[in-house]
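Here is how the chains run, residue by residue.
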Amino acid sequence: MLRVERLHKSYPTPQGRIPVLRDVNFTLAAGATLALTGESGSGKSTLLHIVGALDDADSGDVILDGVALTRLSETARAATRRDKIGVVFQQFNLIPSLNVEENLGFQARLAGRYDPAWQEEFTARLGLTALRARYPEELSGGQQQRVAIGRALAVRPKLLLADEPTGNLDEATGDAVLALALDLVDATGCAFLMATHSERLAARLQNRVRLEAGLLAAQ
Amino acid sequence: MRETLWTLAALMSHWRRRPGSLATLVLGLVIATALWSGVQALNAQARKSYDAAAAVISGGGARTLAASRGVLFDEALFVKLRRAGVNVSPVLEGAARIGEKNIRIIGVEPLSLPRRSPIARMRSRADVIEDFFSGPGRAFAAPQTLSRINFAEGAQPQTERRQQLPPLAALAEAPPGAIVVDIGVAQRLLDRPGKLSRLIVADDETLDEEQLKRVAGDALRLVAPDDESDIGRLTESFHLNLTAFGFLAFLVGLFIVHAAYGLAFEQRLPTLRTLRALGVAPRDLIFAMACEIAALTFVAGYAGVIGGYAIAQALLPDVAKSLESLYGAQISESIAFDARWQLSGLAMAGAGAVLAAASGLTRALRMPPLSVARPIAWRVEHHRYLRRQATFAALALVAAAFAYRFGDGLASGFAIIGLSLLAAALFLPVGLAGALALGEHAAHRPLARWFFADGRQEISGLSLALMALLIALATNIGVGGMVEGFRQTFVRWLDARLIAEIYFEAATPADARDIEAWARKQPDISAILPVWRAKTRIGEWPVDVFGMTPHETYTAHFPLIEAEPGVWTALRAQEAVLVSEQLARRLGVGLGATLDIPTSGQDWRARIVGVFPDYGNPKGQLRVDHEKLKRYFDDASGVHYSLRVAPDATMRVIENMQQRFGEKIARIIDQSELKSLSTDVFERTFAVTTALNTLTLIVSGVALFASLLTLSDMRRARIAPVWALGATRRKLAGLEMIRVIAFAAGAAAFATPLGLFMTWCLVAIVNVAAFGWRLPFHMFPAQWLVVFFVALCAAFFAALVPVARLARVAPTELLKVFSDER
Chain X
1 MLRVERLHKS YPTPQGRIPV LRDVNFTLAA GATLALTGES GSGKSTLLHI
51 VGALDDADSG DVILDGVALT RLSETARAAT RRDKIGVVFQ QFNLIPSLNV
101 EENLGFQARL AGRYDPAWQE EFTARLGLTA LRARYPEELS GGQQQRVAIG
151 RALAVRPKLL LADEPTGNLD EATGDAVLAL ALDLVDATGC AFLMATHSER
201 LAARLQNRVR LEAGLLAAQ
Chain R
220 MRETLWTLAA LMSHWRRRPG SLATLVLGLV IATALWSGVQ ALNAQARKSY
270 DAAAAVISGG GARTLAASRG VLFDEALFVK LRRAGVNVSP VLEGAARIGE
320 KNIRIIGVEP LSLPRRSPIA RMRSRADVIE DFFSGPGRAF AAPQTLSRIN
370 FAEGAQPQTE RRQQLPPLAA LAEAPPGAIV VDIGVAQRLL DRPGKLSRLI
420 VADDETLDEE QLKRVAGDAL RLVAPDDESD IGRLTESFHL NLTAFGFLAF
470 LVGLFIVHAA YGLAFEQRLP TLRTLRALGV APRDLIFAMA CEIAALTFVA
520 GYAGVIGGYA IAQALLPDVA KSLESLYGAQ ISESIAFDAR WQLSGLAMAG
570 AGAVLAAASG LTRALRMPPL SVARPIAWRV EHHRYLRRQA TFAALALVAA
620 AFAYRFGDGL ASGFAIIGLS LLAAALFLPV GLAGALALGE HAAHRPLARW
670 FFADGRQEIS GLSLALMALL IALATNIGVG GMVEGFRQTF VRWLDARLIA
720 EIYFEAATPA DARDIEAWAR KQPDISAILP VWRAKTRIGE WPVDVFGMTP
770 HETYTAHFPL IEAEPGVWTA LRAQEAVLVS EQLARRLGVG LGATLDIPTS
820 GQDWRARIVG VFPDYGNPKG QLRVDHEKLK RYFDDASGVH YSLRVAPDAT
870 MRVIENMQQR FGEKIARIID QSELKSLSTD VFERTFAVTT ALNTLTLIVS
920 GVALFASLLT LSDMRRARIA PVWALGATRR KLAGLEMIRV IAFAAGAAAF
970 ATPLGLFMTW CLVAIVNVAA FGWRLPFHMF PAQWLVVFFV ALCAAFFAAL
1020 VPVARLARVA PTELLKVFSD ER
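Quick mapping for you: the protein sequence lines, in order, are chains X and R.
The letter at position 61 of the first sequence is residue 61 when you use the numbering used here, and the numbering goes up by one with no holes.
Quick note: to get the numbering used here, add 219 to the position in the second sequence (first position is 1).
No wet-lab data here; the hints were simulated from the structure.
Computed from a predicted structure; not experimentally measured.
Even for Gly, the Cβ is constructed at its ideal location relative to N, Cα and C.
Incorrect hints may appear among the rest.
Pair ranges (Cβ atoms, derived) [said to hold, decoys possible]: (1) R:Thr-462 with X:Ala-68: 35 to 43 Å; (2) X:Pro-116 with R:Ala-656: 54 to 62 Å; (3) R:Ala-1026 with X:Arg-3: 39 to 47 Å; (4) R:His-602 with X:Arg-3: 43 to 51 Å; (5) R:Ala-1029 with X:Ala-133: 18 to 26 Å; (6) R:Ala-1026 with X:Ala-68: 57 to 65 Å.
Some but not every residue of chain R turned toward chain X, in silico, with C-beta under 8 Å [stated by the list, open to error]: (7) Ala-229; (8) Ala-421; (9) Asp-422; (10) Thr-425.
The whole structure should be built from the sequences, with the hints applied where relevant.
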């Protein structure tokens, strides 16, 4: 379902280009879950952003559902993000002027795949039914992250990406949020790729790979 | 389409949660559009009235024949042309007074007028034509004119010359402020027997210059239909000044829009990032933002057009009175909802909104989805911002210098003022940042250092509002200084011009002789000074010619800007004239130059021996020896006189004259009342300017308030850490107020030299180009203090609500800045 092949990425600095990703290769099948671990600054977020068509690689391919994302135009990549990829960020990134219900359904409406029944279901499973009318600033961090997960899965994506989804949460809340996410991933059958520096959380996914100095190693 | 609609919904939801920001943006656009539209409505209404008045006889677009020399010509020329088969229609126009109202008398021959003339349409109404030609005839006036002169239909009022009008009748097609009569009646009413003003050439008449010369010699000239009327030419500067003011007010209002939209963009950056991350393509995002602007612009723009209509209606009475007093122009007393100025208002609203949102749209288009909201180190961004401001300020200053060096006329005068204001406004944040950096360097205590450092961070958010305040303050000082200087100069000049104690106008020249004979026998009257006058035309400028007798009233008091030695002797003994300052500038002449002055007969060649100031007069004026006036202008009106009387006998003499001569005196007034009337005209003329000035200052105060209110949420994130470290909310709120007032004081201090420069530009360049007279340059320190005080008050009241909210903010709100559940 997802193939990453010979991915290279570096950033320019006054001292020259610094490689962040070096010849990264991996695959992820539909319904599979993969944890991407590594120390802070190892390139986890960079890899996730490239896979999510949010950033460009210097070279290499990201092939999702047979389509090479790295060769698409900006408009086509936006369409792919909208229709096939759900992203959960560390900072939640909810739309502050929309309430919970509106945030949950937003990407699905953008993609033209809003399903009231599915939304009702995952809203209940995420424990957000009573909070539908509230706005993001009225929610705790854990509640906001659950909304972010719901929004990402409302569109029934092929691939769910999560960049340190529990990074801003306490341990108990983080565990609970991850459990809900895995539950819904299972229900939708999408592939799940999560970047985390927590080995404990990484162990809950089916597979793990580790980024060190831009190189990927299986664990 | 679906993506665009949902993106638009997400964007618009921002305003739903922040109605104050939306109100600010809409209010800014409404105010900017209203001020611009209001001025355009006034100008459009005035021009429409001029065009209607000019077209009422000819129907517009017709060629005319006018005197080559002077103003009037003999009707024998009309007879000659008709006998030669030239199809022309005679017209005689002049001014008369009915009661206290000046009225335009238009004499026509309706059967020969062009078919499309509104007056000619009365040919199709048999009852009207019959009334016009039979019996005493008819004097047609528009209903609003009848109510203005306070006479009903059927009445037969008299003019100041005791000439009785035919019975009045209402005619909707008659122009405002005018009475239409048969041409023979007009010649009687205006005391112009056998004279005509012009001939309207019929549409199908092929008369050319050669044929005209063959028939009429060089007595007449052919005037093309699109040649600007006298009124249009004379009032052009007045309307241009109004437009300039309207544009300035529009720009200040745009600052509100720019500030509101810019701040909204900053607040929505996280939303824009999220939208891009969720799969909204850049072009869909831009299109949605553009649709948002278009919707807001249409709603706010149209509300602004309606507001402009209200402003125009409110200012119209003062504008109408100014135009009537200064130029004798009559304009309609209600504003028509004309499509042109409405579209102009909407177009300006649209252009303004696009300008205000352009930088945000460009940034949203260019930035990749990840870094749209990534915070750049504020110092890097701050220095970049200041460098950009300084660069553009320097460019604007260079452009202003270029305009000064190579420009000429009114447009370059306004360009110099506009570019200088822009340069100063752009430089203001740089100056304030520099002052704050010095303060930070000098401060020792930590809270003081934070005060200055945080102030530097706050500048970019407040800069637009402060720039608007600077422009408004500088304009107040600049225009206020010019007006006050003009007022003082005008009063002094009036004192020098109005030396005689009594001024009167006799009904007829024969009545004038009677009064003169009586006055010579009165011991209270020490001098009788005829002030006869004639009209002529030099080039394309209408000119009044006044006679002067050699009396110490003039030789000791009449103000002169420049004069030859022995000017009064030369005026009496030689072929010499005094010329008004504006006429001298328009003709490009000065001391020693000669003028060929069209008279009743041959042209009179006279030498200019003096130039005199003639403030407030749009026409040119010549002053000649009384005997020369009588010699060269046999149609000079010999009914105006001034009398030198002992001051304590003035009212007694006036009463005696009124009792003895009754209707033989058309008008009589004493010096103090005349000065009061003149000053009243002056004040009314600048009432509109003062109103626009005040509105601009209010708008800038609103801009400051709007910016502070919108920034107050962002301020919390910067204030929270300081509060957490031990500063009380009250102290922080107090520092916030001090900072805003200090910024305003900085803007006011900067505005003072800028305003003085503006005053100099107005007196030395704009007024000279617009009106032809140069005023002395005055400074009024008391005015600067008032403006300074107003700036501090504006800042205080603008900051009051945001600061009060900050002082009362709950600790939980401040703690949310730090919320972290790790």
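For each hint, the structure was consulted:
no., hint, in the structure
1, R:Thr-462 with X:Ala-68: 35 to 43 Å, "violated (59 Å)"
2, X:Pro-116 with R:Ala-656: 54 to 62 Å, "holds (58 Å)"
3, R:Ala-1026 with X:Arg-3: 39 to 47 Å, "violated (59 Å)"
4, R:His-602 with X:Arg-3: 43 to 51 Å, "holds (45 Å)"
5, R:Ala-1029 with X:Ala-133: 18 to 26 Å, "holds (22 Å)"
6, R:Ala-1026 with X:Ala-68: 57 to 65 Å, "holds (58 Å)"
7, Ala-229, "holds (6 Å)"
8, Ala-421, "violated (67 Å)"
9, Asp-422, "violated (61 Å)"
10, Thr-425, "violated (66 Å)"
In this structure, the earlier hints numbered 1, 3, 8, 9, 10 are contradicted, and the remaining ones agree with it.
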